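Protein sequence lines, in the order shown, are assigned to chains A and B.
For the first sequence, counting from 1, position 43 maps to 43 in my numbering; every step adds exactly one.
For the second sequence, counting from 1, position 229 maps to 1229 in my numbering; every step adds exactly one.
Keep in mind that the hints were calculated from the coordinates and are not lab data.
Computed from a predicted structure; not experimentally measured.
By construction, the Cβ of each residue, glycine as well, lies at the ideal position given by its N, Cα and C atoms.
Treat the hints loosely; a few may be bogus.
Stated by the list, open to error - For each label pair, taking beta carbons as the anchor points, the in silico distance ranges come out as:
(1) B:G1200 / A:P25: 22 to 32 Å
(2) B:G1230 / A:R74: 30 to 40 Å
(3) A:D287 / B:A1024: 44 to 54 Å
(4) A:R4 / B:K1138: 38 to 48 Å
(5) B:K1249 / A:N87: 52 to 62 Å
(6) B:E1202 / A:D208: 18 to 28 Å
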Amino acid sequence: MTLRIALIGLGKMGLSHYAIINSHPDVNLVAVCDSSGYMLDVLNKYVGIKCYTDYKKLLSEEKPDAVLIATPSRFHGEMVKAALDLNIHVFCEKPFCLDLAQGQRLVELAESKGLVNQVGYHYRFVGAFQEMKRLVDAGVIGRIHHVRAEAYGPVVLKPKGSTWRTSKNEGGGCLYDYACHGIDLVNYIVGRPDAVGGTVLNKVFSRDVEDEVYSTFFYADGKTGQIAANWSDESYRKMSTKVSVWGSNGKIAADRQEVQIYLRDGTNQMPNLNKGWNTRYTTELTDEVWYYLRGEEYSAQIDHFVQSIKAGRNDTRSTFRSALETDLVAAMMIKDGESSHVDVGSMTQTMVMPTKKVGGLGFINKLLS
Amino acid sequence: MERILFGDNQFFGVNHMSEEKARAQAMKFQDIKAVIDVLDAAYDEGIKVFMCTTHERIGEVCDHMRADPERYKDFQFYPCMPYAHKYANAATELGILEALRSFLPEEGAFNVMLKGGMSLATKDVEGIGQLLIDAEMKMFQGLQTPVIFLQNVVTDLLLGLGFKEAFRIFADHVKNKYNAEPGFITMNMPKLLDVLEELGIEKPIVCSNINKIGFRMCGGIDTYETAIAGRNFRPVAMSVFASGAISPKEALEYVCKQKKIESIVFGASSRQNIRQTKQLIDQFLPTECGTF
């Protein structure tokens, strides 16, 4: 069975998806849609693909089996809905949907219609993170008490730039672009936090959006987490994401290249895991893909989507529902970031303040008042 | 083509096994002198080709080579363009078109500017392509660049898009303007060969991962081995050690058994490693690899 798939959005991710879907042996890419006439003209002229500027027209005329949506985030909601209404399976780029209520409705719509739904959290398809999840789920490091996700890279390095990624109400900013990957990995590996606190959403160079994001996650069972993301860090060549998990029997740290496992007690463990350090490399953790561009995970997630449709399986590894949980945590962080902090001034009331003595607390009090 | 090519991943913090190792290497080679010392070691060991990304730091290496033409009279660069992260990061910040525009030449002759503007306006992809190639080649002026490669991320993007014309544009411009042979780096070698054949690019130079464990050899190791043995192209093997997953001896023995491979590219950070690797290649090649 050859699936007929359409693509909406021809930015960086859209072009990358184009190349990958177009090479998939089970897929026929039937049409693309973008608002930029330039990109469409070039593709139409040199590649001969059918082009639309109106996605609704594309969906109704082409009636594809599935659609890939890689537009700026603020368009996701209406486009996903239009596709689901026409019973079209949907792969949507991350973040899923900026409006939580709308996101919830889309999750329910997709599930009630039994349509395959997936969001482009490609790190779920990186061999090292899958291995980390497998080991955590198997209880190799015991009871988890802390998780840390970090994402650093060089995107905004000077005060300029004005694409949708640098516009707050379009889903731009380091939170949605970088931190969401970290949040999603935390959700994937140890579960969604029940509360967040101490969130920092700071600007370094951007005028309208945050360039660095830090937050603490709290879980009902007592475990905690931390996230750090900074897209103004030039010391990284490209986006670099790392997750570390601490448990009662050790620690696991994973990035795209390797998994490092430290076990306090090596007995009764899985085969090939010893007490102390163990390392697994990407070369042994990565499954071969039929087509490689930028990383196996980009191809693997598309193939997963395609195979899910073919098998009529709508519990993909990165569903709308799981992506909505990621959006939810991001929204909690925004709300938390706006709330007040405990400042030094508020502490003076709890301190005993002798008023007339020189030095000591009187001096501190004077400083703080 | 030279049979042993010296690669540059180690200089720029690229390591497919470990981010920590990559960072340690980036620190080690922060000073361009450290890079040049290793290149000198390779050159003195008889490796005359530096196959390098058009990373801006390579410009400093080029300056060094230009300043001493006698010492480096046999030294050749095989540039690999573009340095893709430069474009990818700019595209995230600026959008694709603005990013492209930002890399087109600003300075220089008025007509270059005009051509750039016209190209964008008239969708003259060939003109834009030529300008981008020229921008990447600028740092190599006056140096020997007999082979010029298109980086895999671009090759494979164009291959996936089915944008075949771009390969012809690249090949023609590299031949006509730089009197060089075009090369293509890819992670999807068998598929690329189909397209290059279709375009009539004869006996193309194609660089791809070729290693004993089939790491990043899309289409499978068997398809690769069959292609190397039977198809009409000039294979260059990279990632022969699969980022260290295979021991040097085993890795090179395997690659050298693929009889039609024309060149092997490898990177190393010390004279000792360079010498060892070269000795292994020399040991396996003369008897087993007839076509070198």
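Against the structure, the hints:
no.	hint	verdict
1	B:G1200 / A:P25: 22 to 32 Å	holds (25 Å)
2	B:G1230 / A:R74: 30 to 40 Å	violated (52 Å)
3	A:D287 / B:A1024: 44 to 54 Å	violated (29 Å)
4	A:R4 / B:K1138: 38 to 48 Å	holds (45 Å)
5	B:K1249 / A:N87: 52 to 62 Å	holds (58 Å)
6	B:E1202 / A:D208: 18 to 28 Å	violated (53 Å)
Hint compliance for this structure: hints 2, 3 and 6 are not met, and every other hint is.
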